[in-house]
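Undergrad: Sequence:
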Amino acid sequence: METLNKEQFISKISDIERVYLISIHDGKIYLRADIEKGGDNGLRIEMMDFKIDTSYGLHEANSLCRSNYPSGISFIEYNSYNEAEHRILDDFLNIDNKAVFQYCNNDELRQVLSCYLHDENKYIIIE
Numbered sequence: 209m210e211t212l213n214k215e216q217f218i219s220k221i222s223d224i225e226r227v228y229l230i231s232i233h234d235g236k237i238y239l240r241a242d243i244e245k246g247g248d249n250g251l252r253i254e255m256m257d258f259k260i261d262t263s264y265g266l267h268e269a270n271s272l273c274r275s276n277y278p279s280g281i282s283f284i285e286y287n288s289y290n291e292a293e294h295r296i297l298d299d300f301l302n303i304d305n306k307a308v309f310q311y312c313n314n315d316e317l318r319q320v321l322s323c324y325l326h327d328e329n330k331y332i333i334i335e
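Numbering (this note's numbering), first residue to last: 209 to 335.
Keep in mind the hints are simulated off the structure, nothing from the lab. You can trust all of the hints, since none of them are fake.
Here are the computed lysine to aspartate or glutamate pairs in the EDC-like style, where the Cα-Cα straight-line distance is at most 20 Å:
(1) 245 to 291
(2) 245 to 268
(3) 259 to 244
(4) 330 to 215
(5) 330 to 210
(6) 220 to 210
(7) 214 to 304
(8) 259 to 328
(9) 245 to 225
(10) 220 to 316
(11) 330 to 298
(12) 236 to 268
(13) 330 to 268
(14) 236 to 315
(15) 306 to 257
(16) 330 to 223
(17) 214 to 225
(18) 259 to 304
(19) 236 to 327
(20) 259 to 316
(21) 236 to 257
(22) 330 to 225
(23) 220 to 244
Ranges of calculated distance between the beta carbons of each label pair, as one might list FRET restraints:
(24) 275 to 233: 17 to 27 Å
(25) 215 to 272: 29 to 39 Å
(26) 291 to 263: 31 to 41 Å
(27) 291 to 261: 33 to 43 Å
(28) 234 to 211: 15 to 25 Å
For every residue, glycine included, the Cβ atom is placed at its ideal position computed from N, Cα and C.
Please construct the entire structure, taking both the sequences and the accompanying hints into account.
TA: Right, here's the structure in full:
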């Protein structure tokens with residue numbers, strides 16, 4: 209696990225679908241937002257508030273939590289793929305200007321929780 213500044217965080221992104229905004233609240237982790245290659249114009253931000261099961265890695269926990277919540281996702285969509293491609297990362301990283309930037313391995317989800325027991329929002333890249 210590595211804490212980064214915003215510029216370092218952006219430089220480490222190899223797959224935009226592996227970037228998440230999570231929150232830690234009352235000893236639990238919640239998925240708040242991510243970026244999806246999909247929607248009408250190919251890219252969109254998905255906003256939600258889904259509790260994540262920390263007994264799995266984040267990729268699997270993300271899939272599982274989405275299957276348990278068939279609704280409750282709102283979207284930030286764009287008029288074109290070109291517009292999305294130019295704005296989506298800035299829009300996503302501006303959802304929470306006070307969040308911490310973290311680079312993690314897929315299996316470090318529990319460690320994120322144990323290191324940050326107080327309420328906090330984090331942007332994370334999971335590799």
